[in-house]
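Whenever a hint applies, use it, and build me the whole structure from the sequences.
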Amino acid sequence: MSQKSEEEWLENIEVSLAERTPQLGVKEVSLRRIGGFSLLYGHLRLSSSKQIEPLHILSNRGDRGMVHARGSDVAGSELRFTNREEISSQTTFGLSNSLYYNPWKKVELGRKLLSSAVERSVAEGSSMEYFVDQCFEVLSHNTYSEEVRQGKETAKKFKELQNSIFIPPIETGEVSDANRSSRTIGRYYGTRTQTVILLRRDGKLFYCERNLHKSDDLSEAPVTNKYSFDLQ
Numbered sequence: 001m002s003q004k005s006e007e008e009w010l011e012n013i014e015v016s017l018a019e020r021t022p023q024l025g026v027k028e029v030s031l032r033r034i035g036g037f038s039l040l041y042g043h044l045r046l047s048s049s050k051q052i053e054p055l056h057i058l059s060n061r062g063d064r065g066m067v068h069a070r071g072s073d074v075a076g077s078e079l080r081f082t083n084r085e086e087i088s089s090q091t092t093f094g095l096s097n098s099l100y101y102n103p104w105k106k107v108e109l110g111r112k113l114l115s116s117a118v119e120r121s122v123a124e125g126s127s128m129e130y131f132v133d134q135c136f137e138v139l140s141h142n143t144y145s146e147e148v149r150q151g152k153e154t155a156k157k158f159k160e161l162q163n164s165i166f167i168p169p170i171e172t173g174e175v176s177d178a179n180r181s182s183r184t185i186g187r188y189y190g191t192r193t194q195t196v197i198l199l200r201r202d203g204k205l206f207y208c209e210r211n212l213h214k215s216d217d218l219s220e221a222p223v224t225n226k227y228s229f230d231l232q
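Reminder that position 54 of the sequence shown reads as 54 in full-length UniProt numbering, one-by-one numbering, no gaps.
It is worth saying that the hints were derived from the structure and are not from the lab. Quantities reported herein were computed from a predicted structural model and do not represent experimental measurements. There may be inaccurate statements among the hints.
[Said to hold, decoys possible] Subject to a maximum C-alpha distance of 25 Å in a straight line, what follows is the list of computed PhoX-like cross-link-like pairs (lysine-lysine):
1) Lys204 with Lys226
2) Lys105 with Lys157
3) Lys156 with Lys105
4) Lys152 with Lys105
5) Lys112 with Lys159
6) Lys214 with Lys157
7) Lys214 with Lys204
Written out as structure tokens, the structure reads:
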């Protein structure tokens with residue numbers, strides 16, 4: 001949580017990260033040196049017209065954007081008349097490690113599945129618990145090629161990550177203690193946790209996280225934790 005404006009927060013993020021990690025011994029943490037990511041940030045609040053205030057997108061590859069934006073928010077901004085403008089007014093949108101205006105196949109698939117889940121839930125008058133389960137089903141949608149997964153070509157395995165929302169456990173190969181680094185932890189790579197966050201108009205936020213794996217033991221049962229917070 002921060003009391004700073006979106007612009008103030010963004011301008012100071014690299015310095016703030018350095019202050020939070022004094023062991024690095026640097027004045028700023030360069031976002032460009034971190035693996036690709038897209039970050040959604042802003043103040044979770046309703047406008048006077050009872051619409052959610054615009055949120056901002058930050059890509060550490062140097063691009064910025066907005067979501068839940070209205071025409072007046074986009075007008076005059078760098079988003080106007082660019083391929084980055086389209087996402088700003090979308091009701092349902094997706095983000096991944098790719099550039100948000102050039103989404104991977106799994107992002108488009110996830111957006112369609114989530115949109116369908118929302119429409120179905122509204123039409124049926126479903127409970128929040130049922131809708132959360134539907135969201136977890138979207139997050140568990142597995143289209144990862146089993147042929148690629150069982151193969152030996154590492155490049156193909158990484159390329160296939162762009163196509164499937166859920167990533168099944170993929171063996172990374174045995175690594176000796178002498179050669180083990182912070183980049184290699186455990187025998188498998190894949191989806192470890194799934195998170196669903198719901199925000200009601202009254203400021204009540206529900207946070208549901210499903211922990212699929214805590215170790216290399218793939219037989220362990222998933223554990224789901226649920227929390228709620230008042231933002232207003």
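Here's how the hints hold up against the structure:
{"no.": "1", "hint": "Lys204 with Lys226", "in the structure": "13 Å, holds"}
{"no.": "2", "hint": "Lys105 with Lys157", "in the structure": "15 Å, holds"}
{"no.": "3", "hint": "Lys156 with Lys105", "in the structure": "15 Å, holds"}
{"no.": "4", "hint": "Lys152 with Lys105", "in the structure": "23 Å, holds"}
{"no.": "5", "hint": "Lys112 with Lys159", "in the structure": "22 Å, holds"}
{"no.": "6", "hint": "Lys214 with Lys157", "in the structure": "22 Å, holds"}
{"no.": "7", "hint": "Lys214 with Lys204", "in the structure": "29 Å, violated"}
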